[in-house]
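Put together the whole structure using the sequences plus the hints.
Each chain, written out:
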Amino acid sequence: MKQVPALKIDGITIGQSLAIIEYLEETRPTPRLLPQDPKKRAQVRMISDLIASGIQPLQNLSVLKQVGQENQLTWAQEVISFGFNALEQILRGTAGKYCVGDEVSMADLCLVPQVANAERFKVDFTPYPTISRINKSLLALEAFQVSHPCRQPDTPPELRA
Amino acid sequence: MQAGKPILYSYFRSSCSWRVRIALALKSIDYETIPINLVKDGGQQFSEEFQALNPMKQVPALKIDGITIGQSLAIIEYLEETRPTPRLLPQDPKKRAQVRMISDLIASGIQPLQNLSVLKQVGQENQLTWAQEVISFGFNALEQILRGTAGKYCVGDEVSMADLCLVPQVANAERFKVDFTPYPTISRINKSLLALEAFQVSHPCRQPDTPPELRA
Numbered sequence: 001m002k003q004v005p006a007l008k009i010d011g012i013t014i015g016q017s018l019a020i021i022e023y024l025e026e027t028r029p030t031p032r033l034l035p036q037d038p039k040k041r042a043q044v045r046m047i048s049d050l051i052a053s054g055i056q057p058l059q060n061l062s063v064l065k066q067v068g069q070e071n072q073l074t075w076a077q078e079v080i081s082f083g084f085n086a087l088e089q090i091l092r093g094t095a096g097k098y099c100v101g102d103e104v105s106m107a108d109l110c111l112v113p114q115v116a117n118a119e120r121f122k123v124d125f126t127p128y129p130t131i132s133r134i135n136k137s138l139l140a141l142e143a144f145q146v147s148h149p150c151r152q153p154d155t156p157p158e159l160r161a
Numbered sequence: 001m002q003a004g005k006p007i008l009y010s011y012f013r014s015s016c017s018w019r020v021r022i023a024l025a026l027k028s029i030d031y032e033t034i035p036i037n038l039v040k041d042g043g044q045q046f047s048e049e050f051q052a053l054n055p056m057k058q059v060p061a062l063k064i065d066g067i068t069i070g071q072s073l074a075i076i077e078y079l080e081e082t083r084p085t086p087r088l089l090p091q092d093p094k095k096r097a098q099v100r101m102i103s104d105l106i107a108s109g110i111q112p113l114q115n116l117s118v119l120k121q122v123g124q125e126n127q128l129t130w131a132q133e134v135i136s137f138g139f140n141a142l143e144q145i146l147r148g149t150a151g152k153y154c155v156g157d158e159v160s161m162a163d164l165c166l167v168p169q170v171a172n173a174e175r176f177k178v179d180f181t182p183y184p185t186i187s188r189i190n191k192s193l194l195a196l197e198a199f200q201v202s203h204p205c206r207q208p209d210t211p212p213e214l215r216a
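Sequence order for the protein chains is V and F. If you're matching positions, the first sequence starts at 1 in the numbering used here and goes up one per residue. If you're matching positions, the second sequence starts at 1 in the numbering used here and goes up one per residue.
Don't read these hints as lab results, they were simulated from the structure. Here the structure is a predicted model, which means the values were calculated and not measured. Keep in mind that the hints are not guaranteed to be accurate.
[Said to hold, decoys possible] Example chain F residues on the side facing chain V (calculated, C-beta under 8 angstroms, incomplete): (1) Glu49; (2) Leu53; (3) Pro55; (4) Gln71; (5) Tyr78; (6) Pro90; (7) Pro93; (8) Leu105; (9) Pro112; (10) Val118; (11) Lys120.
By construction, the Cβ of each residue, glycine as well, lies at the ideal position given by its N, Cα and C atoms.
In structure tokens form, the structure reads like this:
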């Protein structure tokens, strides 16, 4: 697919971030990234898919190249806002401390990076108080910090934390 | 808590709705269809009523066991976890990863880039080329992956969630006149799947909202 991420693990290579995460969950089940209850699991997957299929692909690098440089910002903002409008509404029903209840789940792993994208595209967050609150809580957690784009081996010096 | 028959909000031609229709058929789950026409009246998915049900304003959505789920793969995984027979995901975690990878390749990497709302944005004169490019790019990758994973079907010899994603995407590709010469594995698997009853009863040409001129 000529895309990142890809994970080489246990003798196989897996592409597609959610497929990778579900594999990690099934083979290294602690701590859980999906709740035990099937209805809550459905909510976690629905939110994850909303972001991973409904928002991100529409504003990724290759699509932005296609829409042309002068249209990129507007396009990205529209796509993200449309998705965030839906997400904000859904989260008001599902969220506790985090996207679904009070435990970190795969949905939260999708939320934070998409919020970072939204910030890069200067999306106005006024309509999204729930998204903002959850994002802030998650960014305080160590796993979300060590994995942050500003702390990676390939982070350019001028963007390094 | 039994809340009556499940209700599927579906559009006959929506490839994402078709995925769920196949799953329901394979698992012999009886359900009611409420058609949502994506084109008529400016798009019935934008009605206030439907938006309250699925804030993403998209089909499919499934009302089942007292909840409403959007996103076709989230729906299918829920059906798999609550009605596990017959299976739609293999038992082995590595094969499950392959099924999910292929499903996501289609559901995130191809379909959203050629769906109705994106096509509206690229403009009518660019639509065909855009859709063909997007689908071909994805199918190039898929063909390569399937050569490693496929048996009779996408992953080994059992029908899986990956197959539920493949057939509707192939139908989309045909509508956009994509050339299938580079995709012999995709073509072979698609043909085998279309012979199965679940893929036939769920077909766009046999839905309650199929227009008369397209009905089988």
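Here's how the hints hold up against the structure:
At about 14 angstroms, the closest approach between the beta carbon of Glu49(F) and any beta carbon in chain V exceeds 8 angstroms, and the interface hint on this residue is violated. A least Cβ separation of about 11 angstroms between Leu53(F) and chain V goes past the 8 angstroms threshold, and the interface hint is therefore violated. A hinted interface residue such as Pro55(F) counts as satisfied when its beta carbon comes closer than 8 angstroms to some beta carbon of chain V; here the least separation is about 4 angstroms, so the hint holds. Interface hint at Gln71(F): satisfied, since its Cβ lies 4 angstroms from the closest Cβ of chain V, which is below the 8 angstroms cut-off.
A distance limit of 8 angstroms between C-beta atoms decides the matter here; for Tyr78(F) the minimum to chain V is near 4 angstroms, and the interface restraint holds. Contact between Pro90(F) and chain V, as hinted, is not supported at the beta carbon level, the nearest pair being about 11 angstroms apart and thus beyond 8 angstroms. Interface restraint check for Pro93(F): the shortest CB-CB distance to chain V comes to about 5 angstroms, inside 8 angstroms, so the restraint holds. With a cut of 8 angstroms, the hint placing Leu105(F) at the interface with chain V holds, because the nearest CB-to-CB distance is about 6 angstroms.
Nearest Cβ of chain V to the Cβ of Pro112(F): about 5 angstroms, under the 8 angstroms cut. The hint holds. Interface hint at Val118(F): satisfied, since its Cβ lies 7 angstroms from the closest Cβ of chain V, which is below the 8 angstroms cut-off. A hinted interface residue such as Lys120(F) counts as satisfied when its beta carbon comes closer than 8 angstroms to some beta carbon of chain V; here the least separation is about 12 angstroms, so the hint is violated.
Checked against the numbered hints listed earlier, the structure breaks hints 1, 2, 6 and 11; every other hint is satisfied.
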